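**Student:** This is what each chain is made of:
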Amino acid sequence: MASKRLIATVLIRNGVTVKSYGYRFWRPAGSLATALVNLDRWAVDEILLLDVSRRSVIQPETLAEIRKAKISTPLIYGGGIRTPNDVMRLLEVGVDRFVVESLINQRTDSLREIADIVGKQAILGSLPVIWDGAAFRAWTSSGSVDLDVAMSRLYEAPLSEVLIIDADNEGHYGKFSQGLKDTVLQITQSRESRGLIWFGGLNERIAAELLLHQTTVGVAIGNINFEREIFLSAFRKNLHKGGFNAPVRDAKAF
Amino acid sequence: MRIIKILQYGSGNIGSLVSAFSRIGFPPSLASDEDDICNADLLILPGVGSAKSAIQRIRNHNFRAALQERHEMGKPILGICLGAQLVFEFLEEAKQEGLGWLPGEVKSLQGVLRFNNGWASLAWEEFRCSGLSRGLGKASTFYFNHQYYLPVNCSGVFVPIRDLPSVPALFLANHLCGFQFHPEKSQRSGLIVLRNVVQDHYGF
Chain A
1 MASKRLIATV LIRNGVTVKS YGYRFWRPAG SLATALVNLD RWAVDEILLL
51 DVSRRSVIQP ETLAEIRKAK ISTPLIYGGG IRTPNDVMRL LEVGVDRFVV
101 ESLINQRTDS LREIADIVGK QAILGSLPVI WDGAAFRAWT SSGSVDLDVA
151 MSRLYEAPLS EVLIIDADNE GHYGKFSQGL KDTVLQITQS RESRGLIWFG
201 GLNERIAAEL LLHQTTVGVA IGNINFEREI FLSAFRKNLH KGGFNAPVRD
251 AKAF
Chain B
1 MRIIKILQYG SGNIGSLVSA FSRIGFPPSL ASDEDDICNA DLLILPGVGS
51 AKSAIQRIRN HNFRAALQER HEMGKPILGI CLGAQLVFEF LEEAKQEGLG
101 WLPGEVKSLQ GVLRFNNGWA SLAWEEFRCS GLSRGLGKAS TFYFNHQYYL
151 PVNCSGVFVP IRDLPSVPAL FLANHLCGFQ FHPEKSQRSG LIVLRNVVQD
201 HYGF
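These protein sequence lines are chains A and B, in that order.
For the first sequence, the working numbering assigns the number 1 to the initial residue and increments by one for each residue that follows.
For the second sequence, the working numbering assigns the number 1 to the initial residue and increments by one for each residue that follows.
Hints were generated in silico from the structure; no laboratory data involved.
Be careful, since some hints might not be right.
Looking from chain B toward chain A, a few residues come up when the C-beta cut is under 8 Å (computed) [to be verified]:
no. : residue
1   : G104
2   : S108
3   : K185
The following residues of chain B were derived to be distant from chain A, with all beta-carbon distances above 12 Å [claimed, not checked]:
no. : residue
4   : G15
5   : S29
6   : E34
7   : D36
8   : C38
9   : A66
10  : W101
11  : A120
12  : V152
13  : V157
14  : D163
15  : L172
16  : S189
17  : L191
18  : D200
Remember, predicted model here, so these are calculated numbers, not experimental data.
Cβ coordinates follow ideal geometry from the N, Cα and C atoms, glycine included.
Bound conformation, chain A alone:
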């Protein structure tokens, strides 16, 4: 099978590239096109672009920046995808895969239509998770939901992979919740497999540990430090120390 992926993440909020701290605090982080071009040049496995605006719709400025970047690295986009037309607009500018969340809970017909256009392999379901003091719960646009119920909905949906977000610890290096990992893996154990991608609070040791699990297909990092050129290559090398043999590709220009 294909190798497991180190996925670089870029967040945008209200049209601006940002660095997030637990989805509560934000800092502007420069031009989107520049971030994409840099990540492309550094030969990351995939780039995950998430629009985390409160009421996100796909911004024409974002589409223009993606088009301008002309990257040759696979690009995943999430945030504000509601209709097949949204997906067509994203495909046109160079997006390869699509993260959906509210469609899974509210507009399943639209999701089936999208899957018919791009194929299940191109769709990922997003699952932001929070700790409410007593249990881990899925954080949806209509409030928090029992994690088991949310996972069931995801596993019934036409998609190939699930993006599990540690929403409490996102933006805090090395603070990823081990309890979240254990809970999710326990829930998914008895279900038909979907590839899992973990995001939020990861460091090299935690990422390597997650990547060794059979159903993990990738780890998403980079909101913290995507502007630092050496961060991602250093992260990849450090995964080796954690026991995971991350392939290194040639980052030379064509």
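Got chain A; can you put chain B on it based on the hints?
**Tutor:** Frame of chain A, contents of chain B only:
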């Protein structure tokens, strides 16, 4: 200057393909009618999505006859991902016939995850013998994102994925060439293999 055209039938990441071919020195344009399909020196069949909607779109655009004519003339056609799958006889996903230019059925992957998403190397000996490996090495990787896979038959050269020997990554069959992976999204390796297919295989 050779004319490279990308079939515009509403299925595929055309922007990335235009960018990739431009970077290797063969800027393409879009094929949107029968003349474009028949007259181009190389026709690219892109493909992202479900086989059913791709076949439907080819029908809706009335491209089927022109594609068949081009194939019968033996003019170069390069299929990418779903575009490569469409040239076979039958597509399990769509439960209907493909273009039928090569024998075999495109079937669903089996196994733990049922999808092959990510980067993988090709079986080196077969890749080397295909004539498309100039400038690449054993460790070169390519980006895959698929649930269905190409059948193997004796009508051409099939190069498998290194760790999935029963799953072809590419095929060459006379004027037909197909990539299961996305060269336009495979960074430097993808651009090199595109250059090789255009220059070394098709002789442009």
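**Student:** Which earlier hints can't be squared with this structure?
**Tutor:** The structure conflicts with hints 1, 2, 4, 11, 14, 16 and 17, although it agrees with all the remaining ones.
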